[in-house]
Every structure is written in structure tokens, then in C-alpha cells.
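Chains W and L are the protein sequences, given in the same order.
So that you can map any letter, position 60 of the first sequence is 59 in numbering that gives the first Met the number 0, and since no number is skipped, the others follow by simple counting.
So that you can map any letter, position 643 of the second sequence is 642 in numbering that gives the first Met the number 0, and since no number is skipped, the others follow by simple counting.
Some clues are possibly wrong.
Here are the computed lysine-lysine pairs in the BS3-like style, where the Cα-Cα straight-line distance is at most 27 Å [claimed, not checked]:
#  : chain 1 : residue 1 : chain 2 : residue 2
1  : L       : Lys859    : W       : Lys73
2  : L       : Lys62     : L       : Lys15
3  : L       : Lys797    : L       : Lys859
4  : L       : Lys373    : L       : Lys79
5  : L       : Lys537    : L       : Lys524
6  : L       : Lys15     : W       : Lys73
7  : L       : Lys217    : L       : Lys537
8  : L       : Lys293    : W       : Lys75
9  : L       : Lys312    : W       : Lys75
10 : W       : Lys77     : L       : Lys859
11 : L       : Lys15     : W       : Lys77
12 : L       : Lys79     : L       : Lys15
13 : L       : Lys62     : L       : Lys79
Distance windows between CB atoms, simulated [what the hints assert, rightly or not]:
#  : chain 1 : residue 1 : chain 2 : residue 2 : range
14 : W       : Lys75     : L       : Gly57     : 21 to 29 Å
15 : W       : Ile91     : L       : Gly788    : 51 to 59 Å
16 : L       : Val456    : W       : Arg90     : 26 to 34 Å
Just so you know, the hints here were simulated from the structure itself, not pulled from any lab data.
Being a predicted model, the structure only gives us computed values, none of them experimental.
Think of the CB as a built atom: it goes at the ideal place given N, C-alpha and C, for glycine as much as any other residue.
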Amino acid sequence: MSKNKTDVPHGTLDLLILRTLETMGTMHGYRIARRIEQVSENLLRLNQGSIYPALMRLEQEGWISTQWGVSETKRKVKFYSLTEAGVRQLRIEIANWENTTALVARFLGAAS
Amino acid sequence: MKLRSSMLRLYGLMRKRRLDLELDNEILAHLELAERDAIAAGMSPEGARHAARRSFGGIEQMKEEHRDSRSVLWIENLLKDVRYGLASLWRNPSFTAVAVGVLALGIGANTAMFSLVDGVILRPLPFNQSEQLVQLWEGAPGTEMRASGPTFADWSEADTALENLAAYSPTALNLSDKSMPERLRGLRVSAEYLEVFRLRPMLGRGFRSEEDQPGNDKVVILTSGLWQRSFGGATDLVGRTIQLGGEARTVIGILPAEPVLLVEYEFLVPLVLAGDARARNSDTHWLRVVARLKPGVTFEQARTALSTVMENKVRTNPQSRANAAISVVPLNVQMTGEFRPKLWILSCAVGFVLLIACANVAGLLLARGTARQKEIAIRAALGASRWRIVRQLLTENLLLSLFGGVIGTLLASWGTEALVHGIAIELPRAAEIGVDSRALLFALATSLVTGVFFGLVPAWQTGRADLRGVITKGAAASRVTSVFGLRGGLIVGEIGLALMLLTGAGLMVRSLWQLTTTSPGFDAKDTLGMSVSLDGTKYPDHERRVLFWDELAQRLESLPGVESVGMAGGLPMNEWNNTTIRVGESAGESESQHSVDYEYIGGSYFHVLRIPVLHGRAFGRGDNSRRSPRTAILSASLARKAFPDNDAVGQHVTVFGESWEVIGVAGDVRQHGIDQGVRDCIYLPQAFSDVGSRRVMMRTEVPPLTLANTVRNEVLSLDPNQPVSNLRTLEQVVRGSFADRRLMLTLLGLFAGAALLLAAIGLYGMMAFAVLQRTREIGIRMALGAQHGDVVIQIIRKGMTLAFLGVTLGIAGAFVLTRLMAHLLFGVAPTDPATFAGAALLLMIVALLACWLPARRATKVDPMIALRAE
Numbered sequence: 000m001s002k003n004k005t006d007v008p009h010g011t012l013d014l015l016i017l018r019t020l021e022t023m024g025t026m027h028g029y030r031i032a033r034r035i036e037q038v039s040e041n042l043l044r045l046n047q048g049s050i051y052p053a054l055m056r057l058e059q060e061g062w063i064s065t066q067w068g069v070s071e072t073k074r075k076v077k078f079y080s081l082t083e084a085g086v087r088q089l090r091i092e093i094a095n096w097e098n099t100t101a102l103v104a105r106f107l108g109a110a111s
Numbered sequence: 000m001k002l003r004s005s006m007l008r009l010y011g012l013m014r015k016r017r018l019d020l021e022l023d024n025e026i027l028a029h030l031e032l033a034e035r036d037a038i039a040a041g042m043s044p045e046g047a048r049h050a051a052r053r054s055f056g057g058i059e060q061m062k063e064e065h066r067d068s069r070s071v072l073w074i075e076n077l078l079k080d081v082r083y084g085l086a087s088l089w090r091n092p093s094f095t096a097v098a099v100g101v102l103a104l105g106i107g108a109n110t111a112m113f114s115l116v117d118g119v120i121l122r123p124l125p126f127n128q129s130e131q132l133v134q135l136w137e138g139a140p141g142t143e144m145r146a147s148g149p150t151f152a153d154w155s156e157a158d159t160a161l162e163n164l165a166a167y168s169p170t171a172l173n174l175s176d177k178s179m180p181e182r183l184r185g186l187r188v189s190a191e192y193l194e195v196f197r198l199r200p201m202l203g204r205g206f207r208s209e210e211d212q213p214g215n216d217k218v219v220i221l222t223s224g225l226w227q228r229s230f231g232g233a234t235d236l237v238g239r240t241i242q243l244g245g246e247a248r249t250v251i252g253i254l255p256a257e258p259v260l261l262v263e264y265e266f267l268v269p270l271v272l273a274g275d276a277r278a279r280n281s282d283t284h285w286l287r288v289v290a291r292l293k294p295g296v297t298f299e300q301a302r303t304a305l306s307t308v309m310e311n312k313v314r315t316n317p318q319s320r321a322n323a324a325i326s327v328v329p330l331n332v333q334m335t336g337e338f339r340p341k342l343w344i345l346s347c348a349v350g351f352v353l354l355i356a357c358a359n360v361a362g363l364l365l366a367r368g369t370a371r372q373k374e375i376a377i378r379a380a381l382g383a384s385r386w387r388i389v390r391q392l393l394t395e396n397l398l399l400s401l402f403g404g405v406i407g408t409l410l411a412s413w414g415t416e417a418l419v420h421g422i423a424i425e426l427p428r429a430a431e432i433g434v435d436s437r438a439l440l441f442a443l444a445t446s447l448v449t450g451v452f453f454g455l456v457p458a459w460q461t462g463r464a465d466l467r468g469v470i471t472k473g474a475a476a477s478r479v480t481s482v483f484g485l486r487g488g489l490i491v492g493e494i495g496l497a498l499m500l501l502t503g504a505g506l507m508v509r510s511l512w513q514l515t516t517t518s519p520g521f522d523a524k525d526t527l528g529m530s531v532s533l534d535g536t537k538y539p540d541h542e543r544r545v546l547f548w549d550e551l552a553q554r555l556e557s558l559p560g561v562e563s564v565g566m567a568g569g570l571p572m573n574e575w576n577n578t579t580i581r582v583g584e585s586a587g588e589s590e591s592q593h594s595v596d597y598e599y600i601g602g603s604y605f606h607v608l609r610i611p612v613l614h615g616r617a618f619g620r621g622d623n624s625r626r627s628p629r630t631a632i633l634s635a636s637l638a639r640k641a642f643p644d645n646d647a648v649g650q651h652v653t654v655f656g657e658s659w660e661v662i663g664v665a666g667d668v669r670q671h672g673i674d675q676g677v678r679d680c681i682y683l684p685q686a687f688s689d690v691g692s693r694r695v696m697m698r699t700e701v702p703p704l705t706l707a708n709t710v711r712n713e714v715l716s717l718d719p720n721q722p723v724s725n726l727r728t729l730e731q732v733v734r735g736s737f738a739d740r741r742l743m744l745t746l747l748g749l750f751a752g753a754a755l756l757l758a759a760i761g762l763y764g765m766m767a768f769a770v771l772q773r774t775r776e777i778g779i780r781m782a783l784g785a786q787h788g789d790v791v792i793q794i795i796r797k798g799m800t801l802a803f804l805g806v807t808l809g810i811a812g813a814f815v816l817t818r819l820m821a822h823l824l825f826g827v828a829p830t831d832p833a834t835f836a837g838a839a840l841l842l843m844i845v846a847l848l849a850c851w852l853p854a855r856r857a858t859k860v861d862p863m864i865a866l867r868a869e
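All chains should be built: construct the whole structure from the sequences, respecting the hints.
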């Protein structure tokens with residue numbers, strides 16, 4: 000593990016997963032994890048396993064739904080996709096995130 | 000309970016297993032894919048496996064986190080729903096109070112009713128293999144008679160079908176061991192009686208087979224109640240002798256507390272058939288018979304076996320028996336038979352009340368849902384899924400119904416008590432009735448089902464909220480029409496159900512009115528009755544007993560306030576005996592047989608009861624002696640049947656093997672109850688009976704009960720050891736004969752009243768809500784010059800349309816349902832137009848009131864305020 004990798008910022012994994020599903024459509028757990036790593040150009044230190052509890056949480060909130068499918072290795076796996084409520088939630092989280100970053104950026108700008 | 004909780008645990012376990020397995024598979028698939036990609040990128044298989052593991056992170060740690068998140072969320076959501084629901088109910092205390100109250104009423108009434116039905120009908124009788132117990136009657140179903148001695152003896156030959164067989168007959172004996180003589184009710188039973196029920200005394204032993212033979216029968220078994228009450232529960236009582244019925248009897252056993260058969264009786268003594276003249280006569284039907292079927296023998300097989308025995312007897316000796324028909328009735332049906340249909344009808348009625356309560360709360364929820372649409376739309380906008388919102392609303396509804404259930408159960412435990420002790424005391428098995436764990440389970444199930452039932456539609460409706468519409472136009476404008484339609488449907492249903500209950504209650508009122516106004520054939524007003532029974536040992540010979548009764552009659556007659564005194568074996572509508580009489584030449588062509596009630600009477604019986612002697616004469620002193628010629632008086636209906644062609648007076652009839660001359664014809668009496676129709680009856684002078692026990696009746700010139708003490712003292716002055724029992728007016732006896740109808744009326748009336756009230760509340764609530772919703776529209780119309788009257792009429796028309804629809808449906812429903820209660824009615828048809836019209840009218844008036852109140856409020860709307868309302 001190289002030192003220039005950062006941890007996933009606290010509470011943003013949900014956002015990353017929802018966003019990934021929005022752009023890529025239905026996919027299984029491994030693809031989601033790989034996609035997040037690829038987009039972050041491997042700058043993110045992601046324990047791939049940690050997406051599964053997150054997926055479970057999102058499913059329980061009703062933001063994503065699952066169906067069974069077959070992986071490239073011919074194994075039965077879950078495929079995840081975004082629900083309507085998930086789309087709305089993503090909008091809210093993006094808005095929240097933008098607000099937060101804008102706010103932080105303003106503080107940083109004021110300080111310099 | 001235990002089963003339920005382990006089922007839940009099992010389900011939880013299975014769910015966890017399944018989810019764990021799914022996760023394991025997912026991890027495996029993930030690692031495989033990662034490995035494959037790594038190999039494709041040029042790694043060695045070994046290196047690829049390590050790399051896949053590394054980038055996946057700690058597997059066990061992840062699994063733990065996965066488990067946590069799924070279980071915590073599940074519980075957390077539930078807790079959140081409950082907390083949110085409680086808060087939301089708390090914010091609307093008046094809504095919550097009304098809904099909980101309405102539900103408590105519905106669930107409470109149903110739980111109370113369930114306790115009754117469960118105790119009386121559903122639960123098996125508390126005996127070993129009680130399903131094998133039967134009651135046997137002579138005669139086909141519908142014409143059942145008690146068995147005669149010879150018939151009982153014949154039945155005991157059907158031992159292929161019957162395991163045990165016993166006869167019994169109620170009796171009453173004087174217990175004279177104590178300072179105050181006491182009259183006790185008990186049963187004379189044949190030796191196998193306790194064996195039939197597999198009952199064993201808790202102290203001592205049961206009867207031995209030789210103990211129902213003459214000479215061995217001076218034994219007695221006491222109930223624990225009597226043992227405690229009169230003998231202080233002395234354990235050494237078994238083996239001692241007590242003075243019962245004027246003779247010494249050895250106590251051989253004490254029965255455990257309250258076997259359901261013995262609620263009215265306190266002791267068992269052997270029934271001695273051998274040597275009893277009555278037991279040899281096949282025309283005297285006096286024995287009640289119970290039997291235990293052999294294991295595996297059905298009721299029908301038992302009936303066939305018994306009929307075969309009887310048919311053989313009739314074939315070999317045609318003189319012996321009128322016919323060979325027999326009725327086999329399961330004992331639990333026998334004990335509760337006449338109450339079954341009544342309880343089912345009441346259960347239906349109370350179910351209707353619950354349905355109305357549900358409809359009412361559903362209506363309230365719909366209204367509330369409309370008002371809450373903004374709140375829900377916002378929650379939906381914040382990302383709550385539709386299922387999540389519906390679940391939230393359902394949780395709220397379940398909370399409501401559970402609160403209702405808790406309060407309802409409290410009401411039920413109180414109400415059941417009141418029901419059993421107050422009005423339903425005559426129910427068989429009353430002691431077994433109570434709100435127990437089964438009733439609690441029933442209440443819980445009812446609460447849950449009602450919670451889902453009344454809550455699902457409103458929750459779905461509300462959950463479907465159209466976001467943009469609500470948020471832009473405001474809550475009031477959207478969906479009002481469709482909600483109004485649904486609510487309207489509920490109201491129509493409520494009114495329909497209420498009308499059915501009202502009609503049922505109305506029919507009962509009419510029946511009871513008919514019963515109280517139909518003459519029973521005698522006049523019960525100003526009459527006092529009592530039971531006096533002589534001990535056989537104290538008055539051993541017939542002469543002395545006759546002397547006692549003559550003396551008593553004279554003394555009572557000379558009391559101031561007593562007009563006349565009569566005697567009989569039973570009080571009217573209370574006790575009676577059957578026999579078969581023969582008319583015409585014995586075994587000749589012209590012989591006819593008639594099943595009749597018979598009554599040995601003395602004193603001025605007809606005069607006391609004001610039964611008219613239509614023809615011939617009443618018994619005089621000269622008839623009432625064993626040395627006199629045998630004379631009889633027939634009831635008018637019997638005289639017509641027995642002597643259709645000529646005058647009955649002067650003819651002869653054969654009763655108990657003797658010939659009796661008919662000297663008079665008396666008016667018909669509804670001896671079995673006013674609703675039972677006229678029974679054929681033959682009256683014989685009491686001197687020809689054993690006159691051991693008599694019901695003494697007096698016509699009084701003052702209110703009868705004021706004479707109670709004087710009369711009692713008069714008996715004691717004649718014989719200081721002679722107890723008197725059942726001192727009461729005949730009016731009380733007559734009223735008692737339709738006590739169960741009164742109970743039906745009380746309960747049906749209560750339910751119908753509750754239904755009417757609930758339906759009225761529902762209609763009122765909806766109309767008030769509609770007016771509130773349309774405040775703006777009404778304001779505009781009034782500003783444009785609409786008259787108060789127009790507004791009122793328009794609103795009332797809307798409500799009354801619903802009421803009219805409901806009444807129409809209700810009449811149709813009642814038309815079908817009241818047939819089911821035809822057997823409870825008396826003197827009124829189940830489709831009595833007046834009752835239907837009355838119920839409909841009453842309901843329409845109440846509905847009009849429920850519409851008029853909110854409509855009147857609408858006219859008070861100030862246009863200015865109305866227009867600013869939004």
C-alpha cells in the first residue's frame with residue numbers, strides 16, 4: 000500500500016456507490032468495487048469487502064434493489080441497481096456534499 | 000405461547016443462516032472475479048489469490064459489520080416507527096382517544112363474547128374422552144321422552160356399543176342432622192353413573208354395583224361443596240352416617256369440587272329400580288340416561304345398536320312398547336344445545352359491531368390521512384420509500400389497535416363477569432366461563448387483524464400521495480373526492496350492518512312483547528308457590544301424608560289474605576311429567592294412544608290458577624281419596640283428540656294400567672312455557688300419588704310476597720322439622736321461563752345500540768369533515784348569495800343519500816339473516832314489515848341528526864374567514 004493513497008472520506012462510501020450505480024446501471028458487488036477504484040484512479044484506499052455492509056444498508060433503506068444473476072465465473076451473485084428513492088437520495092446527498100465542500104472551501108478561502 | 004416464541008426464534012435463525020450463506024457466496028464470487036482479473040493482468044495464480052485477498056480486506060471483520068448493520072437496522076427501523084407512531088398519536092389526543100375507544104368497545108365486546116362461546120361450546124366437557132359421552136332418549140329426535148324403567152333395562156343389553164350406561168333422576172331430600180333442617184337437591188343414580196364420566200371421589204369410593212339393589216342402598220356420596228358447607232370439611236366424615244331424607248345413610252365418598260354435572264345438585268344416592276312399581280311401567284317416562292360409547296363407536300352406530308335391541312323387544316312383545324325409536328345426543332350438545340344457536344347469533348352480532356368499529360376507525364384514518372398528506376409528501380421527498388411510509392402508517396394503526404385491545408380486554412374481563420353473574424347465570428357450564436389465556440390470545444389476534452384490516456387501505460391510500468399535487472396545491476385540494484368516495488362506502492356499510500342489528504333487536508322486542516301479553520292459560524298474578532317435601536320415615540304411611548296436606552291446606556286457607564290453596568307435583572312452566580294414556584278398548588281396533596303430561600292435583604288447584612273448567616266439574620273432596628272411584632280431568636286439547644266424536648265427560652281412559660272416569664274438561668295450559676304451545680294434559684286426584692312432595696300454590700288477596708313469612712311459620716307450626724323451599728310468586732316463575740330470551744334481547748339490544756351509536760359517529764364525523772374541507776367553497780357560495788337553507792339541504796342530501804343506500808343494503812341483509820333467528824321469535828315473522836320499517840325509520844332519523852349538526856355549522860361560516868382559510 001503506497002502512502003499517497005487516502006482513506007475513503009467518512010460517510011461518502013454510500014454516495015460513491017449510489018453514484019456508481021447511477022452512471023453504470025445494474026452491476027454486482029465486485030464490479031462496483033472495481034469501478035470505484037478505477038474512477039479514483041487507485042488513489043483511494045478501499046477495502047473492497049467494506050462495500051457489502053454498505054450495500055446491505057442501502058438496500059434496507061430502499062435506495063437500491065437486488066436481483067439474482069450469474070457472474071462471469073458462473074456463480075450465482077446479487078446484482079444491485081438504483082431505485083427511484085435511491086435516485087432522490089443521491090440528489091440529496093450530492094446537494095449536501097456540495098454544500099459542505101462549498102462551506103469548507105469558503106472557510107479555507109477566508110483563512111488564506 | 001411457547002410454540003409461538005420458538006417459531007419466531009426458528010424463523011430468526013433461518014433468516015440469519017440464509018443471509019450468512021448469501022454473503023459467503025458473494026464473497027467467494029468476489030474473490031474469484033478479483034483473482035481472474037489479476038491473472039489476466041499477468042500475475043501468477045498464487046500471487047493473484049493473495050492480491051485478491053489483500054484488496055478485499057478483513058473478511059471476518061466485514062461479515063461482522065454486515066451482520067450488525069442488517070440486524071440493527073431492522074430493529075432500529077421498528078423502534079423508530081413505534082416511537083414516531085406514538086409521538087404522532089400523542090399529538091392528536093382527541094383522534095387517538097376516539098379511535099382507541101371505538102376499538103376497545105369492539106374488541107372488548109368480541110372478547111367477552113368469545114369467552115362465553117369458548118366456555119360453553121368450544122371447549123370439550125371436562126371429562127376423560129368426553130366426546131364418547133351421550134344422552135339417550137326414548138322417541139325420535141323432536142319427540143324425545145325420558146326413558147321408562149323397562150326401556151332402560153333393554154338398553155343395557157346393547158353392550159356392543161355402550162361401555163357404560165347409567166340412569167339418574169333428580170331428587171330432593173331433607174338433611175336433618177343439624178339444628179336447622181335443610182332441603183337439599185341431589186341425584187338418584189344407578190351404580191355405574193360415576194363410571195360413565197370416569198369421575199372418582201377425592202375421598203372414599205364410588206358406588207359398588209350391588210349398591211343400587213334394595214337393602215344395600217343406604218349410602219350417599221356428597222359434593223365437596225356440601226361437605227365443606229354442612230360438615231366443615233371433616234376428613235373423617237367418610238364412613239359415618241348422616242340423616243338424609245329421614246333415614247341413616249353412610250357417607251362413602253366426597254366428590255372433587257364442582258364437576259360440571261352437579262352444579263345444581265349436592266349429593267348422589269343410589270337409584271333403586273328393582274321393586275319400584277314405577278320402574279316396571281313402560282308408560283312412565285322418568286329416567287334420564289347417560290352412556291359412554293365404546294371407543295371407536297360412532298353416534299349413528301350406537302343408535303342402530305340400541306334400535307335393534309328395542310325392535311326385537313317390540314317384535315316379541317308388541318304390548319310392551321309404543322315404539323322403538325330412540326335419540327342419541329352427544330352430551331356436550333345436550334348440555335348446551337338450546338344455547339348454541341343463540342350464542343352463534345350473538346357472536347355474529349358482536350362481529351358486526353367490530354366490523355362497524357373497524358369501518359369507523361378506517362374512516363377516521365382516511366380523514367386524518369388527508370390532513371397528513373403534506374407531512375407524508377415531505378417524508379417521501381426526503382427519500383422514504385413508499386413501503387417505508389406504508390409500514391410507518393401500519394405501525395401507527397397497530398399501535399392504535401393494540402391500545403384498543405388492551406383496554407378492550409380490561410372491559411371484557413369486567414363485562415364477562417357481569418354477563419355471567421348478572422344475566423347469563425342460567426347458561427350451562429357458567430362456572431367455566433372467564434377471560435383466560437385463550438381469550439387473551441383471541442383478543443391479541445383480533446387486535447392485530449383489525450389493526451391490519453382497518454389500517455391497510457387508508458395507509459395505502461395515504462402512502463400513494465401525489466407529491467407535486469400536494470405540495471403545490473395544498474393538502475385539501477388533492478384526492479378529496481376519491482377519499483370521500485371510499486369513506487362514503489364505509490359509511491354505507493356501517494349503516495347497513497347497524498340496520499341488521501337493529502332489526503334483529505327489534506324482532507326480539509316484539510317477541511318478548513308477544514310473550515308477556517300471551518296468556519299461558521292460567522293467571523299467575525297474585526299467586527305464591529312453594530315446595531314442601533315430607534320425609535318418608537317421618538310420614539311412612541299414605542294416610543298420614545294425606546292428612547298432613549289436608550291440614551296444611553286448611554290452615555293456609557284460613558290465613559288472612561289467602562283466598563284459596565291448591566297443590567300439584569310441579570309448578571306450571573317449571574316441572575312436568577309425561578306418560579302415555581290409552582283410550583278405547585284395550586288392544587282393540589278403536590284403541591288410541593296419546594303422549595301427555597300428567598299432574599296429580601289437590602285443593603282448589605283450578606281455582607287458584609284460574610284455569611277454567613269448561614265442561615263437567617272439578618275434583619271435589621269426595622274424589623280425593625284412594626277409596627273413591629278413579630276420576631280424571633282432561634285438558635281441552637286432549638279431550639278433542641281422545642274423543643273427537645263424543646263428549647269426553649263420562650268416558651274412560653287408561654292411565655298407569657288403571658281405568659279412570661273423565662269427570663271434567665279444563666282449559667288448555669302452556670305448561671312447558673308460553674312459547675312452547677299447548678300441551679295435552681291429564682289431571683288426576685293427588686290421593687292416588689304417593690304425595691311425598693308437593694308444590695303448594697296460594698291465590699292471595701294481598702301482594703303475595705308479603706305473606707311469605709306467615710306461610711313459612713304456618714308450615715313450621717304444623718311440623719317444626721319441616722323445611723320449605725322455593726318460596727316465590729308464580730309471576731317470577733313465568734318470567735323465568737323466558738329469561739333466556741330476555742338475555743338475548745339485552746345483549747342484542749346492547750350490540751344494536753352500540754352499532755347505531757358507532758354508525759352515527761361515523762356519519763357525523765364524515766359530514767363534519769366534508770364541511771370543513773369545503774369551508775372555502777361554502778364561503779364563496781354564500782358570498783355569491785346562496786341561502787343558508789340551500790347550503791344545509793345540499794349537505795344533508797349528500798349524507799342522506801349514503802344513509803339511504805346503507806338502509807337499503809341493510810334491509811336486504813336483514814331479510815336474509817333474520818331467518819336464522821326464526822326459532823328465537825315468538826308471534827312475529829322473521830320478515831315482519833313493521834319491525835323492518837321501524838328499524839329503518841329509527842336509523843334514518845339518527846342519520847338525519849348526524850348530518851344536520853355539521854350542516855348547521857356550515858351555515859355559520861363567515862365568507863370572509865372562509866376565503867382566508869387556506
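Tested hints:
| no. | hint | in the structure |
| --- | --- | --- |
| 1 | L:Lys859 <-> W:Lys73 | violated (75 Å) |
| 2 | L:Lys62 <-> L:Lys15 | holds (12 Å) |
| 3 | L:Lys797 <-> L:Lys859 | holds (19 Å) |
| 4 | L:Lys373 <-> L:Lys79 | holds (20 Å) |
| 5 | L:Lys537 <-> L:Lys524 | violated (35 Å) |
| 6 | L:Lys15 <-> W:Lys73 | holds (25 Å) |
| 7 | L:Lys217 <-> L:Lys537 | holds (17 Å) |
| 8 | L:Lys293 <-> W:Lys75 | violated (61 Å) |
| 9 | L:Lys312 <-> W:Lys75 | violated (81 Å) |
| 10 | W:Lys77 <-> L:Lys859 | violated (63 Å) |
| 11 | L:Lys15 <-> W:Lys77 | holds (17 Å) |
| 12 | L:Lys79 <-> L:Lys15 | holds (22 Å) |
| 13 | L:Lys62 <-> L:Lys79 | holds (25 Å) |
| 14 | W:Lys75 <-> L:Gly57: 21 to 29 Å | holds (24 Å) |
| 15 | W:Ile91 <-> L:Gly788: 51 to 59 Å | holds (53 Å) |
| 16 | L:Val456 <-> W:Arg90: 26 to 34 Å | holds (32 Å) |
In summary, the numbered hints that this structure violates are 1, 5, 8, 9 and 10.
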